[in-house]
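There are 2 protein chains.
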Amino acid sequence: MLQINILYVGNIKDKFYAEAVQEYEKRLSAFCKVKNIELKEEKPPENPSDAEIALVIRKEGDRLLEAIPKKGYKIALCVEGTQISSEELAKKMASVTVSGDSEITFIIGGAFGMDERVKKAANYRLSISKMTFTHRMMRVILAEQIYRALNILSGGNYHK
Amino acid sequence: MLQINILYVGNIKDKFYAEAVQEYEKRLSAFCKVKNIELKEEKPPENPSDAEIALVIRKEGDRLLEAIPKKGYKIALCVEGTQISSEELAKKMASVTVSGDSEITFIIGGAFGMDERVKKAANYRLSISKMTFTHRMMRVILAEQIYRALNILSGGNYHK
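Those sequence lines, one after another, are chains A and B. Counted from 1, the first sequence has number 75 at position 73 by the numbering used here; the numbering is strictly sequential. Counted from 1, the second sequence has number 75 at position 73 by the numbering used here; the numbering is strictly sequential.
Some hints could be false.
In this list, chains with the same sequence are indistinguishable; a pair is considered to hold if it fits within one copy or across any two.
[What the hints assert, rightly or not] Result set (EDC-like, lysine to aspartate or glutamate): computed pairs, CA atoms no more than 20 Å apart in a straight line:
{"id": "1", "residue 1": "Lys37", "residue 2": "Glu48"}
{"id": "2", "residue 1": "Lys132", "residue 2": "Glu82"}
{"id": "3", "residue 1": "Lys132", "residue 2": "Glu89"}
Just so you know, the hints here were simulated from the structure itself, not pulled from any lab data.
Based on the provided sequences and hints, a complete structural model is requested.
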């Protein structure tokens with residue numbers, strides 16, 4: 003069975019996002035195993051300077067690099083990545099598994115963005131939107147897109 | 003005070019999405035008045051044909067056209083619209099209000115998409131992503147983006 007890992011900085015504070023993620027992951031369990039790897043968020047001082055923000059990104063980057071599974075295909079979510087449709091994400095996931103990888107790790111950075119080293123460590127950079135979303139909302143969007151992709155691949159009629 | 007209307011087909015079934023929308027609309031009330039205009043969703047038969055889907059879109063389109071406020075600037079959310087960043091959305095909203103419109107209506111179509119006539123009736127077509135989202139999730143994303151835009155314009159430090 004396909005193993006999906008969601009590697010993520012920070013916990014989900016908002017109850018509604020936590021419930022939404024839970025719901026999609028429950029539905030996902032019909033198609034794959036899902037493992038959440040939640041890493042500690044770095045707390046910047048109030049009104050952080052650019053250097054302080056860079057430090058947060060670097061420290062969170064260290065944690066992400068250490069936690070990235072050695073095996074499998076890695077997809078980093080970042081705004082400068084490639085935008086693809088839900089159907090194309092489904093095809094992408096199919097081609098990864100056909101090539102022999104039975105493990106796909108999606109990586110979501112922290113509130114201030116993702117370290118360049120993490121982006122380089124990934125096999126693919128995926129952009130969901132030109133808009134900036136909260137990284138917590140991103141986790142819901144990602145769970146729904148993975149569910150949508152696996153539903154497309156299984157010939158399901160999920161569409162809303 | 004700026005008036006934001008969210009014109010929308012279908013109710014929010016999932017409790018977590020309803021709560022998320024509620025939370026962002028509460029925060030939005032510091033910046034603007036928000037009015038939700040929720041229209042009845044058309045129920046297609048099981049496994050609808052293309053013609054049946056087209057009929058759903060047309061009927062929902064009739065309702066949207068009737069409900070669109072006469073006044074103000076209208077922004078239709080559709081996948082073939084223009085993608086802009088959150089900062090650009092903020093600038094767009096600022097330029098609309100500077101030009102004298104104190105009312106902006108965002109329009110979200112139903113589960114099967116938006117009638118072409120509605121898209122034509124809008125002043126602007128906005129695309130959030132190449133990916134397909136549920137139209138319920140779209141309402142959360144939109145509320146968060148409007149909040150983010152108004153926060154940017156007010157010089158706030160909301161970023162996550």
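The hints, checked one at a time:
no., hint, result
1, Lys37 to Glu48, "neither (33 Å within a copy, 34 Å between copies)"
2, Lys132 to Glu82, "both (8 Å within a copy, 14 Å between copies)"
3, Lys132 to Glu89, "both (19 Å within a copy, 10 Å between copies)"
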